[in-house]
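Colleague: Line by line, the protein sequences give chains A and B. According to this note's numbering, the first sequence is numbered sequentially starting from 1. According to this note's numbering, the second sequence is numbered sequentially starting from 1.
A few of these clues could be false.
Unchecked claim - Derived list of chain A stretches under chain B, where covered just means 3 residues or more per stretch with a C-beta under 8 Å from a C-beta of chain B:
id : segment
1  : 45-55
2  : 305-318
To be verified - Example chain A residues on the side facing chain B (calculated, C-beta under 8 Å, incomplete):
id : residue
3  : 5
4  : 41
5  : 123
6  : 158
7  : 346
8  : 347
9  : 351
Unchecked claim - Each computed DSS-like pair below joins lysine-lysine, with the alpha-carbon atoms no more than 30 Å apart:
id : chain 1 : residue 1 : chain 2 : residue 2
10 : A       : 342       : B       : 85
11 : B       : 138       : A       : 342
12 : A       : 127       : B       : 97
13 : B       : 91        : A       : 188
14 : B       : 186       : A       : 188
15 : B       : 186       : B       : 85
16 : A       : 127       : B       : 128
It is worth saying that the hints were derived from the structure and are not from the lab. Glycine residues also receive a C-beta, built at the ideal position from the N, C-alpha and C atoms.
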Amino acid sequence: MSNIRFEQIEGKSLGFYALIAGLGILILAALGSVYYMEHYGHFVTGMNNRIVWGMPHVFALFLIVAASGALNVASISSVFNKKLYKPLSRLSGLVALSLLAGGLMVLVLDLGRPDRLIVAMTEYNFKSIFAWNIILYNGFFVVVAVYLWMMFERRMNRFSRKAGLVAFAWRLILTTGTGSIFGFLVAKQAYDAVIMAPMFIIMSFAFGLAFFILILMASYQWTNRPLGNVVINRLSNLLGVFIAVVMYFVAVYHLGNLYLAENTGVENFILFDGGIYTKLFWYGQIILGGFIPMALIYHPATKGNRSMLGLASVLIIIGGLIQLYVIIIGGQAYPMELFPGKEILEGYGGVAQYSASLPEISLGIGGVALAIIAVTFLVKFLAFLPESLADDVANPHHKG
Amino acid sequence: MSKTLNRRDFIKTTSATTIGVATVASGITLTTFADTNKTPVTNEKRWGMLIDTNKLSEVDIDGMVSACQKEQGWGSEVHSTGSQKPGWIKKLKVKDKATGRISNLALMCQHCEEPPCVDVCPTNASMKREDGIVLVDKHLCIGCRYCMMACPYDARSFVHETLSNQKEHMPRGKGTVESCTMCVHKVDKGGIPACVASANSDAVIFGDLYDASSKINQTLKTVQSAQIRADLNLNTGVRYSGL
Ligand code: SF4
Ligand code: SF4
C-alpha cells in the first residue's frame, strides 16, 4: 500500500479550462433561472397546487441520494477493510461532498423563499423529518470533511478507520432520512410505505457508484494516468450487484403495494394506465436504467469494456432520475382518496398535470454541474487521486 | 392524559374537558394572530365547524367560497393558471358509487387536532394554536411546500406570484403557503368566520366544540356527523353531516 502516491492533477490543459467553462455556463444558467423564477414567482414554472415538488426536487433528491452512495467506496475500504478500495477513498469522499453540495443548492434555490435560509437554519421543529434532514446534511459535510482530513494527514491516518465508521453510519441514517420524507406522508397512497427507506439506501448505492465510476474513468483518461482492469472490474461488478438489488426492491415494493387493496389504485396507475408515468416506469426506470445497464455489465460481449461500463453508468444515472421522477411527480399526480367508496365529480380529483419548465430543468442540471465543477477544482488543488491505479499498484498480489 | 375528541367519546368527555385543560395547558400561548385581543388563546376552547350538506345548495357553497375570497383577499391572482391559483375553500360534488346519491360540500382546512402539516413543517411556520386553529406564520414559512405534500385534504395553496391590495389582517406573500385561518381575526374578536356568516345558520354551525352549551356541541350530540378521512385519526375541527 505504501507505493500509492497521491498527486494533484495539472489542470492546465485546454480541455480542463473548456470543462470548467462549460460547467460554469450551466451553473450561471441555473442561477439565471432561479432569478427568473423568484422575480416573477413560481407561476412561470410547471408546478401548481397539486404538484408542489417538481423537477428541481427530482434532481435535488437524486443528488443527495447519490452523494451518500458515493461514499460507499471509502466505506468498503475503511469499514470492511478491503485494501483494493483504499486508494479510492479520498476521491470517494470528495465525490460524496460535491454531489451533496449540488443537491442542496438545488433544494435551497427551489424554496419559495430561498432568502429565508437563515430561518431554516435557526428554527427547528424536531418532529419534522425535514428538519432532521437539514441537520443530517450539514453533519454529513462535517463528518466527511473530518474523515478526509484523517486520510490526508499522515499523523491522523490511524484514526481514519474510526472516522470512516462514523461517516458510514451517518450516511446510512442520512439516506434513511431522505427516504423517510416520503415514508411519513400518510395521506398519499404512493408513499406511505416503510420500505421507502431501505429502497432509498440501495438506490443510493447504485447512483453514487455510477457517478463515482464516471468521474474516476474520466479523470484518469483525461490526465493520462494508468487505471488498471483490477479496479475497474471490481467496481463494475459492484455496480451490477447494486442495480440488481435496486430492481429487486422495486419489485418487492410494487408487489407489496398491489397486495394491499387500498393501494391498488395507485399501483395500477404507475404500472398500467398512468400514461406518461407508466411509460417512464417501464421504459425509463426498468429497461433503460435497469436491464440495459445489467446487460452491459454482465453480457460476455460487453463485459470488461470501459466504454460500455461508462454507458451503463450514464444509463443508471438517467434511469435513477426517471425513477425519482416517477416516485415524486407520479406520486403527487395520482389523486388522494378523500372519500372512499365515493366518486368526486367536481372540485378535486383526476390526475394532476405537470410538465417541467425550462428554468426548473436548468436549475436541476445546474446542481449536477456544481457537483462536477467542485470535483474538478478540488482534484487540481488537493491530492485526491493516486498517480497510478495500474494493476500492479492497485493490487500487487494480483496475478495476471 | 389525552384530550382527543373522537366523535364517539365526544359526549362523554365534554364535561370532563374543562377540568382536564387545567392540567394540560402548556403555558405556551400563540398570539401571533390574536394580538388585538387581550385574552390569551388557551386550550379551554376548540373551535370547530359543522357543515350540513343536506341543507346547502350549490349556490350556498359558491356563496361561501366568494365570502372567503372577499374576506381574505385571495382569488384575484392574474398570472397563476387555474391549478396554480389559491383555493382556501372549494366546492366539491361527491357521488356515492353504490347509491348514486350526490352531495355538495365545502372543503377547507379541517383544522386537525393532529395536523400532519404541522408535524412536517421544518421551521414551525405551520402551527396549531391552543384553541385548535391551524395557521401558517408567514414570517417563518420558507416555501418548502412539505406541508402541502402532507395535508390529506388538499387544503393548502402556494402563492405563485406577487400580490397587491392585500387585506390588512391577512398579509399574504409570494413564495409562501396559505390556507383557511378559520377567520381567526374575526373569531378572536368574538365574530364568526365569513363563510359561516354567508351561509344560513342551520347549514353551517361554528363554535366551541368543548363548550357543552354551544350550538355546535349540542348539535353534534344529536346528529350523525363524520370527519373526512376519519381513518387517519386526525380528529378534525370541521365536521360534516348528511354525507
Ligand atoms: S387540513 Fe391540512 S392544512 Fe389543515 S390542519 Fe389538517 S393537515 Fe393541516
Ligand atoms: S373560515 Fe374564513 S378563511 Fe376559512 S374558509 Fe371560511 S371564510 Fe375562508
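Colleague: For which of the previously enumerated hints does the structure constitute a violation, in increasing order of number?
Modeller: Hint check: 2, 3, 6, 9, 11, 12 and 14 fail, others pass.
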